[in-house]
Each structure stands twice: as structure tokens, then as C-alpha cells.
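Residue numbers (the UniProt record's numbering), protein chains in the order written: chain A, 1 to 323; chain B, 1 to 323.
Please note that a few of the clues may not be correct.
Any copy will do: because identical chains look the same in the list, a pair fits if it lies in one copy or spans two.
As the list claims (entries may be wrong) - The calculated DMTMM-like cross-link candidates involving lysine to aspartate or glutamate, where the alpha carbons are at most 25 Å apart (straight line), are: (1) 91 to 296; (2) 43 to 238; (3) 204 to 245; (4) 77 to 129; (5) 71 to 10; (6) 240 to 265; (7) 272 to 90; (8) 223 to 81; (9) 91 to 265; (10) 192 to 104; (11) 255 to 79; (12) 217 to 118; (13) 223 to 191; (14) 71 to 232; (15) 15 to 27; (16) 255 to 191; (17) 289 to 241; (18) 223 to 245; (19) 77 to 185; (20) 255 to 189; (21) 289 to 233.
It is worth saying that the hints were derived from the structure and are not from the lab.
There are 2 protein chains.
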Amino acid sequence: MENNLSLISEKLIEKNNYIIVGHSIPDGDCIGSMIGLYLVLLKMNKKSIMLLEDPVPPIYHFLFGSNMILKPQDISKNDFENIIYLDCSDKNRVGESVADFLNDKRYIINIDHHATNELFGNINLVNPEASATAEIITNLIPLLNVDITKDIANALFTGIVMDTGSFQYSNTTSETLKIASYLIDSGVEQEKVRINLFESKSHKEVLLLRKSLQSLKVSSDGKIAWMQLSIDDIKELDVKDLHPEGIINHTRSIKGVEVGILFRETSPGIVKVGFRSKSAIDVAQIAKKFGGGGHEKAAGARLEGRLDDVKSKVLNSVKEVID
Amino acid sequence: MENNLSLISEKLIEKNNYIIVGHSIPDGDCIGSMIGLYLVLLKMNKKSIMLLEDPVPPIYHFLFGSNMILKPQDISKNDFENIIYLDCSDKNRVGESVADFLNDKRYIINIDHHATNELFGNINLVNPEASATAEIITNLIPLLNVDITKDIANALFTGIVMDTGSFQYSNTTSETLKIASYLIDSGVEQEKVRINLFESKSHKEVLLLRKSLQSLKVSSDGKIAWMQLSIDDIKELDVKDLHPEGIINHTRSIKGVEVGILFRETSPGIVKVGFRSKSAIDVAQIAKKFGGGGHEKAAGARLEGRLDDVKSKVLNSVKEVID
């Protein structure tokens with residue numbers, strides 16, 4: 001680990017131009033790590049761009065640099081020699097259009113914290129002990145002789161906060177908190193970050209939570225809680241493009257519930273199913289049965305069928321696993 | 001500060017018996033600090049008891065030592081010579097029955113983080129820079145030559161988490177995060193703490209949130225959001241004894257909202273009003289107008305009158321302050 005940290009820093013100093021990429025459906029750690037490293041490379045006078053398949057979710061628009069993240073179709077000429085993959089366990093995680101765009105011989109730098117990382121880089125910095133890729137980037141910066149500005153600090157702090165559930169998930173180590181402490185000393189604008197991440201929901205998002213809670217059910221043994229949003233609910237609230245961030249967590253918040261589920265009919269006959277585990281159950285395995293995937297405690301799948309049929313199929317499967 | 005830290009540690013080592021008290025309607029920092037210090041004194045072979053006017057809220061029952069917190073009526077003989085006030089800005093914060101119980105000459109040790117602390121102790125350790133009283137206690141322990149056990153770490157970590165909104169409020173300093181890091185190294189059981197604090201709500205609490213959200217209103221300028229729970233709602237859900245923890249925060253979570261309010265009719269003609277501010281508005285001042293009080297960003301008051309009358313009176317007053 002330590003070796004690669006200094007090897008990677010030497011490479012970053014040595015080379016001159018970079019495409020920074022992250023995974024499709026980007027989360028806070030992906031966005032925060034990309035922007036953090038991009039701003040550092042900018043201070044090092046390196047030519048670099050950031051590239052994502054999917055749009056930056058609005059809650060991250062407050063981060064300085066978020067509007068400099070490009071899509072493949074934004075770029076006409078592609079003469080960058082080095083690619084930095086961030087927060088991607090394999091090369092395909094960037095999504096199809098970005099993967100096509102990158103599809104030729106380039107020098108690959110791979111920085112990630114997923115234990116499943118396939119070590120696909122010419123050089124790899126993969127630390128599964130790190131709570132977030134942003135934690136690794138923060139450790140890299142002193143070796144690049146760059147001072148952390150408040151904009152860099154905001155981006156990296158956001159990455160860590162989002163991947164640790166505000167330092168509540170078990171991936172939060174004493175090292176994570178030390179790094180967060182260092183970022184605060186480097187100028188994180190805490191109120192700005194908090195308001196943008198947690199206190200800037202649209203009125204419609206709150207109405208969507210209300211609608212979801214109206215459907216809340218708990219199994220007779222108290223171990224499964226689920227909510228549903230039908231396509232009619234979504235049309236009624238006019239929230240087709242809204243990702244129901246955080247709503248599913250209300251299922252897991254109930255005492256005794258081991259698995260929380262949100263069934264969301266995104267179009268007639270298509271149901272997206274989100275899974276959350278509180279502790280012992282591995283929901284990634286459950287999601288996998290239905291062609292999905294994810295992490296042990298947060299996973300998802302996309303099923304075809306009527307909402308009621310999907311519900312009974314999935315609930316039976318979860319019951320089996322719990323029993 | 002530093003001086004008092006070592007002075008207090010010397011006193012704690014020198015003296016032999018203690019009553020540890022906290023404020024009425026105790027919160028996580030109050031409970032966590034009391035238990036943390038109690039377990040430390042236990043390891044120092046000091047005779048000590050913990051005393052509170054109000055019951056320990058159920059979410060803190062998981063903390064080892066929480067069932068050793070007594071009420072004044074539990075104690076027949078009172079021959080303790082020293083009182084340690086924790087998290088109390090003045091002596092009356094302990095509540096009437098505890099204040100009566102303590103009402104004679106004793107040596108007073110006052111440990112707190114409120115800037116308004118009246119320094120009423122024979123010796124005072126008041127640090128408004130600390131996010132929580134539990135942060136101060138953590139700093140005190142090394143001077144007492146006691147090793148932090150996992151039970152002590154869980155209690156103090158809980159105090160800090162609850163007073164900083166999971167390290168999101170602006171009172172979270174780089175020092176706070178370093179102290180939290182040290183507690184994790186000392187054995188905090190993170191999953192246990194997270195599940196008990198945030199994922200152990202009763203089904204009824206979630207139904208209460210749902211009922212509250214059904215009444216959500218936002219002012220035409222988008223700066224005030226409010227919800228209400230009538231006495232009929234509370235009776236219907238059979239939640240008279242349930243404190244609607246965290247529900248009010250959903251008002252503040254909406255973009256643009258500066259002040260969030262929850263009106264809760266606790267009995268016919270009595271309305272408890274909770275205020276939350278997102279940033280610039282000092283809601284303690286607003287609550288004060290109605291005979292209440294609190295902090296700049298979280299305050300409350302108890303008003304007499306019909307729910308609708310109280311609502312219009314309070315909303316007008318908040319509007320005036322915002323304009």
C-alpha cells in the first residue's frame with residue numbers, strides 16, 4: 001500500500017495529462033474523489049479532464065468543479081495519454097459510452113477502495129481498509145506537494161461523508177476520522193456541505209417520502225419492512241426523474257428489521273427493487289438472484305413483472321434467506 | 001482550560017465519593033457523559049452514583065450502565081460529599097426534585113460545554129469549543145490514569161454523535177474528529193451504536209412521522225416549513241408517551257427553508273412548539289418570546305391556546321423575524 005501511494009504520486013508528478021473517470025450512476029465518493037484529484041492536478045499544472053457517463057446528481061452541484069465534469073459526446077479530440085480510474089472495481093464500471101471512448105492503449109492508473117477491485121491498471125492503488133476513495137486521495141495529496149484548498153477539502157470531505165453514512169457505517173475507522181479531521185483543518189465549509197447534502201431536498205422529495213411511508217408494511221416476524229411506489233404514484237407526484245435518495249433507509253430504521261426493501265415501478269412492468277440490510281444478512285446475494293448486485297448492506301435489482309407479483313416473489317426469497 | 005483539566009483530574013483523584021448529575025429531559029450527550037465518567041470513577045474505586053430527574057430515553061438503554069442511573073426517590077441516605085454537574089449551564093438545569101435533593105453544602109465540580117455556563121462550581125471546567133461534554137470527559141480520562149473500556153468508549157462516542165448530528169453540525173471541529181478517532185481506537189462498537197441510535201425506531205414512530213408529513217406546509221416564500229400533530233392524531237396512534245425524536249428535522253431538510261417548526265398538541269389547549277433553524281436565524285430568540293428557550297438552531301416553547309391560534313401566532317412571529 002504505502003509503496004504504491006508513493007509510486008502513484010511519482011507517476012502523477014512525472015506524466016502531464018490525464019482523463020479522470022468514475023463509475024456510472026456516480027455517488028458522492030465518486031464525484032468528490034474526481035473533483036478533489038482534478039483540482040489537485042490543476043494546481044500541479046497538468047492538463048486534465050473529468051469524464052462521466054451519467055450526469056452529476058444535483059446535490060453535488062454545489063461542489064466547485066462539478067460543472068467541469070464532461071460526457072464523452074462533449075469531447076471531439078481525444079489525445080490524452082493517461083487514464084485515472086477512481087472508485088471503479090473493474091473497467092466496465094465507467095459505463096458503455098465512456099468505456100468505448102477510452103478503448104485504446106493508454107497508461108492506466110487505478111485508485112479504489114473496493115475489495116473486489118480487479119487490479120486492471122498499469123499501476124494500482126487499492127486499499128479496502130479505506131472507507132472511501134476520497135480517503136485514499138486525501139492521503140496522496142501531501143506526496144504531490146500541493147496545499148489542500150477549501151474546494152478540494154469540500155469535495156473529499158463530501159466523498160467520505162457519503163460513503164460512511166456520516167461516519168456511522170462500520171467502514172468508518174479511526175484513520176477515517178483522522179483524515180476527516182485533517183480535511184476540516186484544511187478548510188471544509190461544514191455548514192455549506194451539510195446544507196447541500198442533507199438540507200436541500202425538493203418539496204417533492206418530501207412528498208415522495210410521505211407517499212412511500214403510506215405503503216409501509218412489516219412482516220409478521222418483524223424482520224422485513226417494505227414500501228412501494230407504483231408508476232401511478234410517481235406520475236401523480238410528477239417525480240419520474242427524481243431518484244428517491246435515502247427513502248429506503250426508513251425501512252431499516254425500524255427496530256428488529258433485518259432487511260428493508262423499496263419496490264419502485266419505474267414504468268409499467270418494470271420494478272426496481274432496493275435492498276438494505278441492517279447487520280447480518282448479505283443483500284448483495286439476494287439481489288444477485290434477481291440479476292442485480294451491490295454491497296452486503298445495500299444492493300438492488302431490476303425485475304420485470306407486475307408490481308404485486310414482483311413483491312411476492314422477492315419477499316418470499318428474502319424470507320427464505322432470513323429463515 | 002488546560003489548567004482546569006489537570007486541576008479537575010487532581011480533585012477527582014483526591015476525593016472519594018461523587019453524585020454525578022445531568023440536566024432534566026436528558027439527551028445523548030448528558031447520558032453518555034454521565035455513564036462515561038461513572039464507569040471511569042468505578043475503575044478508580046470511587047463510590048459514586050448517577051442521578052437524573054427524568055427517565056433515560058429508551059434509545060440509550062443499550063449503553064452499559066444506563067440502568068444504574070437513579071432518581072432522587074430511589075435514594076434514602078444521602079451522604080455523598082461531592083457533586084459533579086455534567087452538561088448543565090446552571091444549577092437549576094437538573095430539575096426541581098434533583099435540585100431539592102442536592103440542596104446543601106457540598107463540593108461542586110462543574111463540567112460543561114455551553115458558552116452560557118454560569119461557572120457555579122467550586123471548580124469549573126467549561127469549554128465552549130468542545131462539541132459535547134463527552135468530548136471534555138474523553139480528554140480528562142488520560143489524566144486519571146484509567147484505560148478506556150469499550151463500554152466507556154460507547155457512552156462517550158454516543159454523546160459526541162448525538163450533539164454533533166453525526167459530525168455534521170458546525171460544532172464539529174477537527175479536534176472533535178480526533179477525539180472520536182481515539183474513542184474508536186479504544187473500542188467503540190460502531191454497529192451496535194449505530195443500530196441502537198438510528199435503526200431501532202418503533203413501528204409507531206415511523207407512523208408518527210408519516211402522520212406528521214401528511215400535514216407538511218411550506219410558506220409562499222419557501223422559507224418556513226411546518227408540520228402539526230393534534231391531540232387526536234396522538235390519541236389515534238396511541239403515542240402519548242413517545243417523543244417525536246428527529247421528526248421536526250424533515251421540515252429543515254427542504255431546500256430554501258430557513259426555519260422548520262413542529263406544532264404538537266400534548267393535551268387539549270397545550271401546544272409544544274419545536275423550532276429548527278438551518279443557518280442564519282436564531283430560533284432561541286423566537287422561542288424566548290413565547291416563554292421557551294434553547295440553542296440558536298434548535299429551540300422550543302410551550303404555549304397555551306387552540307392549535308390553530310398558536311400556529312398563526314407563531315408563524316406570524318417567525319415571518320416577522322425572517323423579513
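So, going through the hints one by one against the coordinates:
no.	hint	in the structure
1	91 to 296	within (21 Å within a copy, 49 Å between copies)
2	43 to 238	neither (43 Å within a copy, 60 Å between copies)
3	204 to 245	both (12 Å within a copy, 23 Å between copies)
4	77 to 129	neither (38 Å within a copy, 53 Å between copies)
5	71 to 10	neither (28 Å within a copy, 63 Å between copies)
6	240 to 265	within (10 Å within a copy, 36 Å between copies)
7	272 to 90	within (23 Å within a copy, 54 Å between copies)
8	223 to 81	neither (52 Å within a copy, 49 Å between copies)
9	91 to 265	neither (30 Å within a copy, 57 Å between copies)
10	192 to 104	neither (40 Å within a copy, 48 Å between copies)
11	255 to 79	neither (55 Å within a copy, 41 Å between copies)
12	217 to 118	neither (39 Å within a copy, 50 Å between copies)
13	223 to 191	between (37 Å within a copy, 17 Å between copies)
14	71 to 232	neither (32 Å within a copy, 54 Å between copies)
15	15 to 27	neither (28 Å within a copy, 54 Å between copies)
16	255 to 191	between (31 Å within a copy, 14 Å between copies)
17	289 to 241	neither (27 Å within a copy, 43 Å between copies)
18	223 to 245	both (22 Å within a copy, 23 Å between copies)
19	77 to 185	neither (40 Å within a copy, 50 Å between copies)
20	255 to 189	between (34 Å within a copy, 18 Å between copies)
21	289 to 233	neither (27 Å within a copy, 42 Å between copies)
In the structure shown, a violation is registered for the earlier hints numbered 2, 4, 5, 8, 9, 10, 11, 12, 14, 15, 17, 19 and 21, in ascending order.
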